[in-house]
Structures are given as C-alpha cells and as structure tokens.
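Peer 1: With the hints in hand, could you dock these two chains into one complex?
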Amino acid sequence: MPVFNQSRKNVIILVFAGMFAVILMQLINLQLFSTKYKLMAEGQGTFRKVIYPDRGIVFDRKGRSILQNTVIYDLMVIPGKIKNTDTATLCRILNIDSAEFHKRIISAIIKNKSYRASVFEPLLSNEKMAMLNEIMYKLAPGYFLQQRSVRDYPYDAGGNIFGYLGEVDSNILKNPQYEGYVMGDYIGRAGLERTYEKVLMGQRGIEFWKRDNKNRLTEPLENGRFDTAAVAGQNLYTSIDIELQEFGEKLMENKLGSIVAVDPQTGGILAMVSSPTYKPRLLTGAERRKHYADLLLSPALPLFNRSVSATYSPGSTFKTLQALVGLHEGVIDTKFQVACSGAFYGCGSGKPMRCLDRGVFDLQHAITVSDNTYFATVMQRVINNPKYPSQDSSLAVWDKYMYAFGLGHKLGIDVPWEKPGHIPTPAYFNKIYGKGAWNYCNYRSVSIGQGEVDVTPIQVANEMAYIANKGWYIIPHLVDSIEDGDKYDMLSKFKVKHRAIDIPDSIFDVVQNGMQGVVERGTGGGAKVPGITICGKTGTVENYYRGVKQPNHAFFCGFAPRENPKIAIMCVVENSGRFGGTYAAPIVGLMIEKYLNDTIAKNRLPLAEKFYKMNLIPPRIYSAIKTRDSLTHAKDTAYLLAKGYIKILRDTMQVDISDEQEALDAIKKDKEDSKKDSQKKEENNKQQLKPQAILPNEKKKPELKDSVM
Amino acid sequence: MNQRNPTISKGIDWIMVWLYIMLVIFGIICIYSVEYKSTDHFLQTLTGFKKNYSKQLFFFAGCSVLAIFILLTDSKLFTATANISYLVGIVLILATFVVGKEIKGSKSWIPLGFMNLQPVELCKIFTALALSKYLSMPETDFRKPKSQMIAASIAFAPLLLSILQGETGLALVYFSFLIPMYREGLPPGYLIAGVSMAVLLVVSLLFRTNTLLIAFAILAVLVIYFNRRQIRRNNRLLFIIIGAWAFSSLFVGIVVPFTFKHVFKKYQADRIFSMVGVDNPFTDKSTANLNSDEEIKAKQRKNDQQNYNVKQSKIAIGSGGLTGKGFLKGTQTRGDFVPEQHTDFIFTSVGENFGFIGTSILMLLYLGFLLRIVRIAERQRSVFSRVYAYSVAGIMFFHVAVNICVTIGLAPVIGITLPLMSYGGSSLLTFTILIFILIKLDADRQMVLR
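Protein chains in written order, with this note's numbering: chain L, 1 to 709; chain W, 710 to 1159.
In isolation and in its complexed conformation, chain W is listed as follows (with noise of 0.2 Å):
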C-alpha cells in the first residue's frame, strides 16, 4: 500500500494503524477461543461463517476496506457535514421510537435486514463531529456560558434520547464528551460540581434519606468544628459550608423524593435504582401491591442473573493467575459460565487465557492507545481536529475504563463494549469509523479545518 498509492500513505500515523489492527486481532483470537471445541475444524469453521470469530474476521475486512475509504476522502467533508450528519443521526434515534425493534430488553435497534443497526451507538460519531464543528466556529467563545450551553446540548441531546429510550448504559458514554469540553476551557468548577453531584445522586439512591440528613449534619458540623479558626477569620467559608450542607440537605430530603415519585415514571425510577443495585424506595405502596408476583420474581432473576455474571466472570478472570492457563486451555471460558462472553465480557477471555501478563500488556495497549490519541491531538493546528482527537479519546476511555470494571467486579453491570475487541459488526464499525477519520484529520493536520 505504501508504495502503490503515496498519496493516502502520506501523513498518516502508523502507530495507530498498528494499535487498531493488534487490538482488533487480538479481539479475534479471543473470540475464537472463547468458541473452540477441539472437535471443530479450524478451515472449515473459518470458511463457514458460522461462527463468531469467523464472522468477525468478515467485519474486519469490511472495516478495512471502509477505512481505506475514509482515509481517500477529503478531510474538509467531515467539517461540511458534521452538522447535517448530527441531525441525521438524532432523526434515527427518534426513529426508533416508532420503528425499533427490541433486542435485549431496549427497543434502541432499527433493522436493516442484513443488520441491527443502534443509533445510538452510531450517533457517538456524529456528535463528536458535531462538538467539533461547534467548539471550532470562530464566533463561539467558549468562556461564555451560552457557549457552553449550546455545546452541552450538543453532546447530551442524544444522552437524553437514549435515557428515554431505555437505553442507559450506551447513553452514558456521552459524558465522555466532558473530556473534550474539559480542554477546551470548561471550567473546572463545572466538572467539580458535576462529580460533586453525581455522587451525591448515587449516595442518596444507596441509602435512606435520613440516614443521610443526619450524617450530613454531622458532617457540617465537624468541618465547621475543625475549620474553626479559618472561619473566625474569614465568615465567607461558613456560609458556603453551611450553604452545602443546606443544598445536599433539600437536594437528598426533597428534590430526590419529589423526581422519583413524580417526575419519573415508575419503570424509569425502577431502571436508575437498579443501576446502582437497589430496589426503589420511592415506589408508592399501593401501587407496589399492584407489582404481580412474577413481575417481582422477573426482577429478581435478572438482579440473580447480572450477579452471576460477575460472579464468573471474577472467577475466570482470577483462575488465569500470573501467566493464565494458556491459549484455548481456559476451562472457564470455554465451559460458558461466562455468559455474553464474546461481546461484553471478551475480557474474561484474556484473564483466562493469558493471566495478568496478558491482562496487564493489554491495558497497556489501550493506554498507549489513549496517550497516543492525546499526543496527536495536541499536535492539530485547527480547534476541529483537536476537539474531535479528545472526543475519541473520551468515548475509547469510557467505553474501556467502564467495560473492564465490569468485568473485575468494580461497576455496576452495563452493557458497553470493549472497543475493537468485543464481537459485534456495530461497535467495530463504529470505532474503525472514530480512528480513521481521527487518522484522516491527522493525516491532513497542515490544513487549518473550520
């Protein structure tokens, strides 16, 4: 290729290239050995398209061809069609309101016939385009708070959908777009706030609302006791101390409460509680008693369920010890206690097979893959490269960061891809088409992108 065709050689960057086609290979190899039966025959199954790993192998070329395509474009019609493309993508996911059909509990899917296709999943490219073209016209200050407004709705208008949709997890990728804002000068304050909050969110649907205004009263009073001398000096402090325990106070006694019982509807308030492994405390008891018998067991057996997977998904990953039982030797992922294994939990194969080394070599990879991401973004000359360089980086750290935690036990269970290595046509798709126009843009970084 390189001597053939100069032109779309030129500029690109090969570790990259190199990254993606260890780590998609790499994806393969486990697929494959999540799959083996040492009665198949290797040729055969290969051919036959019958299994997943074969199957994958068939979207890795299709990916091919289609980065091969992405790198011959022009760079500037990403920046022409960012917009319209974004809208496109909003307009599929409000399509599946009407047209979805529903594949594992969220009607998120539009069928194509020959594929499922996720919006969603698929609007991630979109709206980092989108983000990009915003943050990178020259009339947007992004110091300004309308600014800042403007490009939050950007980034979260398909995060609302998708939360309506049902569609959660894959929802919850959008903040990874914070990352991008966060360099483009959103104000550390914001992001303080917003963890601040989060936390508080979460603490508030663990516990019970007393519990919690109790312990924040001692926990205001013991900060104002041990910062007694910087108030005495200074009565601001004081007030924000007592300003926060004030707004935690209504915000976990009151607004919590008040959401849960009459803004959300009961299933929503269901969905968010069960995010964070609790059964919801909110729901009235009259209507409780409506809850058939099988509705509460259903619940019950997918809490079971999402345990279970965890559960075996910790043991294979921890019998692979320092070196791992070896390629194909895995009893664990072979023997399909790990359930989903091919796609969300492809990493339970890695621990299996190839212990902490493998493990480890591979978190490497993904972090080389996020530092070097870093490092080409910082090298563009036009805000659009840049923006669009952190938002991969955002989506490819969240999609890893949260799939790996899941899988060790760290997060709640949330059906998120490992990026390139999961089996799925949609996700591989979707990755391939993030790095190769980042390649592209790089690739043309001399050209100044509005």
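Here chain L stands alone, though its shape is the one from the complex (with noise of 0.2 Å):
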C-alpha cells in the first residue's frame, strides 16, 4: 500500500475548498451586495397594473341615466398562435377581405410582436359578438374576447355637455393638478367629464402581476397581496332635462346656434343647445379618433360649444336690461314717453339710428315694440345723468349694473371655456378715443346692444332667470348633487342667490310687463304658447365676418311663466337673416311648451316638424366644406415592404401571398376602392348635411387645447 502519497489529499481538499471559497465569494457578491439584480428581476418579472374604475354615471333631473359606462367586447389576436384556424369564416363574420385581415395582423405583429395578444377588432357589435361566440372555441387559442368599459350614453345627446374622454398629452402631464396621470390613460377632455375629473374618475386600483420573459402576464404577485381595489367614480346629479335637450337639438339640426334653458329658482341648467353638436356615440370607442378629426376639421366647428363660449352682440334683448337700468336711476319713470319719427337724432348729424315703428311710446310699448329711439334715449340719459361728475362715473355706474345682471364676467358654470363677453369700461374708451374725447354717441348703439358689447347665451339666459326672479339669480349649473358628497367643494358656489342691487319688484313689473307685451302683441308673437303666460325679447344682431355684413343672427329670449316662473331661456340662430322673431321665438316656444307641458300639442307638432326640417346654415359654410382639403392619409405600403413586414406576415401564417407585388396591388386597390366609397358618400350627404357653422367673433379654430381652465 502506497502511503508516501497521502498528504495529497489535503491538497485535493484545498482545491475543494478553494474552488468553493471563490464561488461563494461570488455568490455574497451576487445576492448580498449588488442591488442591481434585483432591481433589474422587479422590473423584468413584476408588472404594476393599473386598474381603472368604472367613471361615475350622470343622470338627469329626473332620475334617468344619461351617462353611463357599458361592457364592450374586443377580438383580441395572438399572431403567433393563429395558424390552422379558420380564418375564413372569421373574415366573414367581420366583414372583411384578406387583404384587410393580412394588413390587421402585420399591424399587430409590429406593435406587439407575435407572442402579445393585439386588438383585432376592436368594440364588437352585438350581431358580431353573437355570431362570434358560437365559433369562438374553433378560433382559439390564437383568438379571445376581452371586454372593456366604455362611456355610454342612453339617449346620444348633449355631447357638448357631457364632453368626452381622451388620451392625457404632456400638456396634462406637465400640469401639478393631473399629478398621478400616466401616458396613455383617459382624462375628460371637455364637457362635465373634464370638469368633474376628480369626482367622475374614482380611485385608481393597483395590481401586482408576475410576467414571464415574453412580457406576459401570469398569475398575481403574492395572491394579489399587495393589491389595491379600485374604486368607482361618483355618480352625478344634474338639472338636464334629457327629453328636453333631445328636443332642443333636433330643433336646432340644419342650424348655427345655442340654445340654453335654466331653472330661474336653482339655476340649474334644463338644456344647453349648441348647434351643430355631435352624437357623443362618437367619441367612444374604436373609430374616437376618426371621428374626433372630423370633427376638429370641420368649419361648422361642431366641438366648440357656443352656448358658453361663442360671444354675441346682444342685439335687442339688451333693452330689457337698459329699462332696468333707466328706471332704478331714475332718469325715466314709468310715464316717461319718447317720440320716434324715424330715427334718433339725439347726436346730430351722422348716421341716425332708425326705428321700426313710428309713433310715442312709453316704457312698456317701447319694449313691446323695440323701439330703438327710446333705449338710445334712456341710455343717453343714464351716462348724462346729472347725479354723477362725469361721463365716466356714470358709465362705471352702468358697468355695474352690467355685471349685477352676470354680465361682462365668467359666471362660473360648470361646463369649461366659459368666456366672459364684454361691457365696455371708462377705461376702455379712454384708451380707444383717448382721456376724455369721447361722448355717448361714440357708443350709442350699445343702448340696443350692437357695437362694443358682447354676451354669451348663458349669460343671456342667466338674465332672463334675473328678470323672472326678480333681482337676483344663482349662476347657471348643470350638478345639482354628487353622490356620497361633494368632497372637493365644488357645488356650494351653485347655493347662493346673486343679489347685488336692490331693484325694488315694481321696475321688475314693467319690465314684465313689457316683456308680457312682446310674446302677446309685440315682435315675439311667434312665441306664443297657448295657456302659458310667456315673457320675452326679441333680439335681432347684426354682424360681420372679416369685415363682411352677414346675414342677422335671430335672438329671443324669455322665461314663463310670468308667476312662480319655471323655465328661463334663450335661443340664437346664426346668420338666419330676417328678425328674431322669426326664426329664434318659435323654437323658444315650443321648448317652453315642451318643458311646461311635458309634450307638444297635436295642433303645433307642424310648426316643430317644420323647424326639424329648416336649413339655416349659411352657404358660407358650404363653401368652407368645399374648399376644405380632403387629406387622406393612408399607410404607404411601400413602407411595409420595405421592412420586410409582408413576409413577416408569411412566416407567420403559413399563408400564401404568392407574390408580394400582388398582395401590394391589392392593398392599393383597396385603398382606391374605400376613396371612391367615401366620395358617393360625400355626395350623398350634401342635401341632408349636418350644421356647420362660424364663430361670430372670427375664430377659425375652437379653443379645444388644454389650457388651464
């Protein structure tokens, strides 16, 4: 037995022991000093997925929901696991070609890789989703459904009330108020959804996934420990009379203009018209994008809601205001008489302001009839008013009864991009005609509301529900109340009554009067509801786009009834041309009737189906629509093949594209076909065209960025 060798083992155990000395060394490197691995396997093999709450529901004032969130289906594709499936009856159920069903998967395979599931069809209908269903278990696994909630709105009306959801952008990003938001979720762009974000939007939920080296989710981390539940959006109570506001817009259809109606005792708004509008359907879901550029490019302006922020000069309407103003000063009394010969030739030479009627009226005719001689005079006598030192004084005292009446300043409603309209200052004559050059002429026409004054429809409804109520008034609201509470305080401001002079109930009465008069016997007679006491005003406004006259805009406005009143409103139709007795009284009076009665009386229901069917859109737009570029921007195939993806998509499907020019031919024929298509369309739609429409303060674009409100 050899033993001269055994004290090599201890050099084999050295070897041993050395060799595992360096690999534990190693390992405590690895595993107890460097943070990096692990870092590296959270971010690799966690996923932090972010759940969304169903966004609150909205609903009317009678209870019914007109916001609400519905589950939609999504086919949802995994490239990679589609071969041997029947893609023929898939495309026949979709409705589409090959051709369109290759260019969907090299879509998803370029977003998503083949191993990810992508949208193939997103937002199934529900004939499609049946018909899919029965065959669903030959298309999988390549093919599953995946549901979605989607915004949904029961009557498809009042898109500019509601507004609509979109991607956040960086703008939204960079602002502190948005802190939490990430790129890519959905944030209310506009309507109640951007103004009520907060309270509609709930609380977000967290879950942790595992995923696997295919950026697939796998099972919950920890059995779901670490997650948090998500929480639904409140709900919201608004004033909306959904039917009436369904009512408004198909009198509005074919026109330029707002429509807004407000409960004169809570202020909340009834309806809120703005002409053309948009199906909110529109907005939701798989073609939101297409939808939203056409949108956005259409001269008619669709997106821009006018009811609060397209300004108007107030026209005739204003004089109820001025009556106010002349007799609580008491320049005028009630018996105060004016003679109208024609004209008013209060400021000597130049052009005189005619008056349409001939005659001596008092305050009450005057306002009946419109008399344009008489407000120029009460106007002229409020800012001569020997009571204050100078023109200037007595122009700011008319300032603030301006804005007692909501005037010239934001109400702060609830619906963004709310403008201010304006009422001219001391200052801002002075800096037009310079310290002291100017006198009541320069501005005359202020006094029946052209010129230098501008309103918005809310504000002019708001006035209306001042006059009702008597002096005071609550700003203009849509959110009555907020389920579970109003947490960020955002309703109180809707609680106060606005009274910031006191006019003593008898100037209100001749005013009513008055206003009583118009509807009876006056210019409104178009109006007139039987059985409902109406007051009202008509408004006729002359205006210019780029220095061009155009055709009058048509205002009335008006509450009833005249006791215990319920309904304050107003209407503007755009450039209808003619008086606005004509054209805006009517489409008052049949919301009034609509609202008050609940229906429309057999014997009226021709004149309302006459206004469904009048086109007051200004050829002017037309021939925006005309001139307007139709770009259309389709994928450039050469692109595709120039990255290879056609034969991507080959290896992938195992289908057989003979030829890759052929499958291009057929792309571009395909392309040439959808043109030729939307063009028989476009033609088609010409007679029974949507509105479209203008501003009237020469805005080409709306002010749809997201600026802080």
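A couple of the hints might just be wrong.
[What the hints assert, rightly or not] Cut-off 27 Å, straight-line C-alpha distance, at most; resulting in silico cross-link-like pairs (DSSO-like, lysine-lysine): (1) W/K1038 x L/K38; (2) W/K760 x L/K81; (3) W/K1020 x L/K49; (4) L/K38 x W/K1020; (5) W/K853 x L/K9.
[What the hints assert, rightly or not] Listed below are several chain W residues computed to face chain L (Cβ distance under 7 Å; list not exhaustive): (6) G894; (7) S1028; (8) G1029; (9) G1030; (10) F1065; (11) T1068; (12) M1072; (13) L1076; (14) L1079; (15) V1083; (16) F1106; (17) A1110; (18) I1113; (19) I1117; (20) L1119.
Worth flagging that the hints you see were computed from the coordinates, not collected in a lab.
Yeah, the Cβ is synthetic: ideal placement off N, Cα and C, and Gly gets one too.
Peer 2: Given below as structure tokens:
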C-alpha cells in the first residue's frame, strides 16, 4: 500500500475548498452586495397593473341615467398562435377581405410582436359578438374576446354637455393638478367629464402581476397581497332634462346657434344645445380618433360649445336691462314717453339710428315693439345723469348694473371654456378715443345691444332668470348634487343667490309687462304658447365676419310662466337673416311648451316638424367645406414592403402570399375603392348635411387645447 | 430495509446515502418551483407524469431500485467487468458517429426509443472503473512514464472522441481524472505544466499574437531584472527563464496559428474559440467571405442567447438576496426568464427562491459530499476502491464547480448538469451508479480488490 502520497489528500481538499470559496464569494457579491440584480428582477418579473374603476354615472333631473358605462368586447389575436384556424369564417363574420386581414395581422405584429395579444377588431357589435361566440371555440387559442368598459350615452344627445374622454397628453402631464396620470390614461377632455374629472374618475386600483420572459402576465403576485382595490367614480345628479335636450337638438338641426334653458329658481341648466353638435357616441370606442379629427376639421365647429364659448352682441334683448337701469337710476319713470319720428337724432349729424315703428311710446310699449329711439334716449340720460360728476363715473355706474346682471364676466358655470363676454368700461373708451375725448354718441349703439357689447348665450339665459326672479340669480350649473357627497367643494357656489343691486319688484313688474307684451302683441308673437304666460324679448343682431356684413343673428330670450317662473331660456340662430321673432321665438316657444307641458300640443306639431327640417346654414359654410382639403392619409404600402413586414406575415401565417407585388396591388386597390366610396358618401350627404358653422367672433378654430381652465 | 435485510445494509455509509437523497429531493423541489403555476392541481400533475418534476420523481424511483441492485451485487463484479465495460463505452461513443441523433446541436446521443442515451455521459463510470482497474494492477508502477501514459490514454480517449464529435462541454469532465491520478503519484510538474499550458492556450486565444509576443518579452526582461542576483549565482535559472520565454513565444507565435489554420477544421477551431467567447482570428480572409450572412447571424444569435442566459441567470440569483423570495415565489424562475432552467440552470431556482442562505447551504452540502468521498477514499484498503472514489470525487467536483460557475457568470457557458439536482434521467442515472458503486465498494472495504 503506497502511503507516501497520502498528504496529497490535503492538496485535493484544498483545491475543493478553494473552488467553493471562490463560488461563495461570487454568491455573496451577487446576492448580498449588489442591488442591481434585484432591481432588474423587479422590473423584469413583476408588472404593476393599474385597474381603472368605472367612471361615475350621470343622471338627469328625472333620475334617468344619461351617461353611463357599458361593457363591450374586443376580439384579440395572438398572431403566433393562429396557424390552422378558420380565417375564412372569421373574415366573413367581420366582413373583411383577406387583404384587410393580412394588414391587421401585420400591424398587430408590428405593435406587439407575434406572441403577445393585440386588438384585432375593437368594440364588436352585438350581432358580430353573437356570431363570433358560436365559433369562438374553433378560434382558440389564437383569438379570444376581451371585455372593456366604455362610456355609453343612452340618449345619444348632449355631446357638448358631457364632453368626451381622451388620452392625456404632455401638457396635462406637466400640470400638477393632474398628478398621478401617466401616458395612455384617459381623462375628461371637455364638458362635464372635464370639470368633474376628479369626482367621476374614482380611485384607481393597482394589481401586481408576475410576468414571464415574453412580457405576458402569468398570475397575481403573492395572490394579490399588495393589491389595492379600485373605487368606482361618484355619480352626478344634474338638472338636465334629457328629453328637452333631445328636442332642442332636433329643433336646432341644420342651424347654427344655441339654446340655453335654465331653471330660474335653482340656476340648474335644463338644456344646453349648441348646434351643430355631434352624437356623443361618436367619441367613444374604436373610431374615436377618426371622428374626432372629422369634427375638429369641420368648418362648422361642432366641437365648439356655443352656449358658453360663443359671444354675440345681445341685440334688442339688451333693452330689457336698459329699462331696469333707467328706472332704478330714476332717469325715466314708467310714464316717460319718447316719440320716434323715424330715427334717433339725439347725436345730430352722422348716421341716425332708425326705429321700426313710428309713434310715441312709453316704456312698456317701447319694450313691446322694441323701439330703438326710446332706449337710445334712456342710455343717453343714464350716461349724462347729472347725479354723477363725469361721463366716466356714470358709465362706471352703468357697468356696475351690467355686472350685477351677470354680464361682462365669467359666470363660473361648470362647463369648461366659458367666455366672459364684454361690457365696455370707461377705461376701454379712454384707450380707444383718448381720455375724455369720447361721449355717448360714440357708442350709442350699445344701448340697443350692438357695438361694443358681447354676451354669451348662457349669460343671456341667466339674465332672463334674473328678471324672472325679480332681482337675483344663482350661477347656472349642470350638476345639482354628487352621490356620496361633494368632497372637493365644487357645488357650494351653486347654492348662493346673487343679488348685487336691490331693485324693487315694481320696476321688474313694468319690464315684465313689456316682455309679456312682446309675446302677446309685439315682435315675439312667434313664441306664443296657448295657456302659458310667456315673457320674452326678441333680438336681431347685425354682425360681420372678416369685415363683411353677414345675415342677421336671430335672438329670442324669455321666461315662463310669468308667475312662479320655471324656465328661463334663450335661443340664438346664427346668420338666419330676418328678425329674432321669425326663427328664434318659435323655437323658444316650443321648448317652453315641451318643458312645462311635457309634450307638444297636436296642433303645434307641424310647427315643430317645420323647424326640424328648416335649413338655415349660411352658404359660406358650404363653400368652406368644399375648399377644405380632403387629406387622405392611407398607410404607405411601400413602407411595409421595405421593412419586410410582408415577409413576417408570410412566415407567421404560413399563408401563401404568392407574390409581394400582388399583395401590394390588393392593398392599393382596396385604398382606391374606399376613396371612391367616401366620395360617393359625401355626395349623398350633401342634401342633409349636418349643421356647420363659423364663429361670430372670427375665430377659425375652437379652443380645444388644454390650457388651464 | 435495515432490519429486513441486514446483509445489504452492512457497512453502508449512511451519511452518503442521506446526502444523496437530500440533494435529489432538493433538486425535485427546485424543478417543481420552476414549473409551478398556481392553477395547477398538485395531485393531478404529480400522477400525470406530464410535468418534469413528476418525471424526475419517477426517475428517482427507478434509480433507487437500481441503487439497491448495485448494493446487492458482489463488488468483485466491478473489478472484473471494468475493462470490458470501458470497451463497450468506447464502442458506444464510436457508434454515435454512425447512428447518433442530433439533440441541441450535438450528435452525441443514441436514441433508445424510451429515452436518449448519451454514451459520453455513461462512459464516465466505465472510465473511472477502468482507470481504477489499471492503477490497481500489481504490475503497474505509476512512477514510470509508460504507466502514466497508459493511464492518461485510458482517461482521455473518450475526451478526444467526444471533442471530435463536437460535444466539448461534457468532454471536459474527463480532465477531472487528473485528480485520482495526482493522488496516485502523478508528478505535480505535469499538472503545473498542464495548467500553465492551459493558461497559455486560453491567453493565446483571447489576445492577439503580437500583443502577446511583446508582453512575453517585457515579462521575461522584468523577471530577469528582478532576479539578477540569483541569476548571477546560478546560471541555470537564466536558461530556464529564457527557455520558458522562447517556448511561450514559439507556442503563441507559431504553434497555435499553425494548428488552428492547418490541423483543425474550421468549425472545430470556431468551436474552440467560441468557448472562450472570441471570434476565430485565424480564418482565412478568402474563406471568411464565403460565410453567408445567415451563418454569421446564426452565430451572433447563439452568442446573444448565451449572454442572455447568463445575464438572466445572474438576475435570478442576485434577486434572491439573503433569504430569497420564498418557495414558489420567484418571479424570474417562474416567468421562464432563464432558459434550460430545470436542467443546467437549476441553481438559479435555488438562488432566487431560497437566497444566499439556500445557496450557501447547498454549497456546504456538496462540499460535505466531496469531503465525505475523500474520507471514504482514504480509508480504502484496495487501490481500486481509492482510485475509484477519487474519480467520483473529481467528476462531482468538476460538475458542481463548472455548473455553478456558469450560472454565476464565472465561466463560459458549458452545457453541464448540476449533479443529482438537474432534471434529466441520464444525468441522475449516471451519478446514482457512480455513487452507489462507491458505497458498495466502501461497504466491502475489508476485501482487497484487484
């Protein structure tokens, strides 16, 4: 037995131990001292999945849900798993051809690789769903259905009220107000969805998932121990009467303009029509982007909420307010009379202001027949009131009245992009004419609501509520209450009565008498509704677009019933021509009847029908549509070829694309066909074209950019 | 077992048996954690034999039966059949050149229908036995170079065959027979020379020839300068240094390029270079142009894949931390981030699930296993048993060290299993036979075997 080598045992043990020591050192290094790998593992192996809660539901004044959520299914595809599935049946059900099918598979592979799921057909209709459900077992595992929650509008009306959701952009991400949003989140971009975003959104939940090497989620991490549940958004109860809204939208079809109806006692908005409008369903779901682009580029500006963002000269509707100022300032009394011999000559030379009816009028009659000379005189007396030392100070007093009536400043309603309108101040005139170098005659047209004064439809409706209430208003608003409480104190300002100047009821009685006369004997006869005492005032507004005189805007505003008023309303029909009584008054009458009586009397239905069909869109809009570029940006097929995606498709699908050129030709032909189709459609649509409009204040584009509200 | 059949259990080293059982079961637990999905029904998958861990359990049962059989045989059988089994092993390896089935890029498998056999893997056992047989022969005098040559050729014949076949990773295991040979008196000079040659070879593959020649010259000058006093006293030292320098320069400058250009075929050279992770610099420019783009791409892809494996394996192990994420809670392991995880990269599962505590305990288990084998080896009376025991220790050591070094990024990716833990019948079977023959030999240590 050779024993002389026994010591070598120790060398061998040393080698073993040495090697293991080296390994142990590296393990200590990897596992104990380097956090790098831990972080990499976290990034790689776990996924923080944000769970979006259902947004809050919106109800109308009768408790009908007018904005809710619905579940819709998307057909998903994992391109790597669709070999040997029955694509022919699928294409038949989805009504697509094989070229389209290939295109979709390619874009799915481009977006998400072939082993991850992509949307193949989003938002399946019910029929498609039903047919797919039957053959789904044959399509598995390459295809599956995935549900998602989208906004749903049971009445498909009130698009400009509700607004829409859109993906957040970099501007929003920069805004500290929207902390916590990440790229790809949806956020209310307009209307109620925007104003009440915080309330409607609810609280997002987080689920932690494990994911595998292909980025697929496999299972919840630690059985969801770290997850936080999502809390659904709060529901909103609004003052909207959705049927009235629908009715108003129908009346305003093929017209440019707006209707705003307010409950004078609460300030709650009953209807807020901005025409042309859009069906809110257009801006949810799959075709959202396309529709949005169409709406945005339309010269009629359907996305522009005229009710709060468009400013007009108020025209003769302004006279009611001048009567209040004159009486309260004491420069006239109810017996004061002015004779109109054809025009107002108070300013001597220059173009005199014509009046329509010759004769001698007291205040009540002056309102009834809308006498220009009378109110020019009233205004002149207000400005030249000896009570005040200077023109500046008397104009400032007049301004104070206007502000008290809710003009010249934002009312603070809960719809974004409200405009303040404009009430001329002494500083304004000093700037234009030089200090002290102006007098009443420079701006006498303000007295009849033309010239330097601008109001929004909502302000006019509010001013009617003010007169109806005899001296106070509550800021008009859409939302009455929030389910589970008003956590962000958004509604308290809608509970306050604004009564800046104490004007006695007797003065309001005189003005209301005049307004009642407008409907019963005067210019606003068109608004008459049997059995309802309506007070109203017409307005016929001269306006210019790019320096060119345009057909008049028709205005009518009023409230009803005179005793215990329930609705204060205004209507403007842009560029309709003729007088306020012609077009706007009947619309207001119908709206009042609909709201107070809940239906339209049988004998008045033909009138409503007439207005449904009436097309008052100015020709200017049609020519704008014609000249608008029809940019068709189809996908560049040469790009697909260059990038080798056709090849990818072939490899993935095992389908026989015999020739790449052939595939390209098919795609090209497809494109041309669709172009032809759209042209045809355009022609068909011409007759019943949706209302398209411009802005009275010469703005080409609606202000949809998300500047801070 | 102990009571019913005392003759089997007599003299058995139970520590070895328990270590064996612990490692196999730990392995099965790790395979289970790799495959586990919370939706799986445990019993269903267990009995279904669809999952790897249930298959491994099945293999384990088979191996246990085999182990009992080995313990029941007469240990003289192993000495008697050592040479003939070695021959069979060699023939099997040769057979793969003819009927070999290609699995994962190497043609070293023989399909048997129910399983695929890798003769190189099995031949480890036969080589260990044959080497033991030869060294234990009375006429062998291991101090003579002739005996050393014969022993070396027994040990390295399968290695050469395997390299010719392209299965380099497994072939390298045969270097572990240097350990028993060293124990039996192989002069350390060989090992030192061998290791230096290996280092020289690797260095010559890694760096450019000219760089190395300059580096060697500088090194030689420095060594002479710092040892100038000793050299003045003893001229032989100078000759040794200059000789070493001349040899390395010649080796790097002429032998290596010549060998790679003219002796090895291109794919062999490429394979050797790819092992150290370098592109073959000796390819002729003219032939290089013949390489199609696809070939280059495929190579690139393979390289990327290997880098990916090691990176993912390091992430998985590193993310375990001190205590690990807990059993069945590893996100990397379960997300299929680490390829081949149930086989060659099973160690990552340990690292992620059980953390540093788990990995160090496992290392201690293996070290204990090795030390136990060494202890057993040293108490053998017969040279055969001792050489065999050291062979087993060497093979185990090589497997464990290389496998773990690969997973923690200390060695290039060599497809080699973690003994007893990796999934796979072939590997488990080999190590079971290796270990239980040792246990049987140890149980009969009173007998003198030749």
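Peer 1: Now, for every hint given, state plainly whether the structure supports it.
Peer 2: Evaluation of the provided hints:
no. : hint            : result
1   : W/K1038 x L/K38 : holds, 14 Å
2   : W/K760 x L/K81  : holds, 22 Å
3   : W/K1020 x L/K49 : holds, 26 Å
4   : L/K38 x W/K1020 : holds, 13 Å
5   : W/K853 x L/K9   : holds, 21 Å
6   : G894            : holds, 5 Å
7   : S1028           : holds, 3 Å
8   : G1029           : holds, 6 Å
9   : G1030           : holds, 6 Å
10  : F1065           : holds, 4 Å
11  : T1068           : holds, 5 Å
12  : M1072           : holds, 6 Å
13  : L1076           : holds, 5 Å
14  : L1079           : holds, 5 Å
15  : V1083           : holds, 6 Å
16  : F1106           : holds, 6 Å
17  : A1110           : holds, 5 Å
18  : I1113           : holds, 5 Å
19  : I1117           : holds, 5 Å
20  : L1119           : holds, 6 Å
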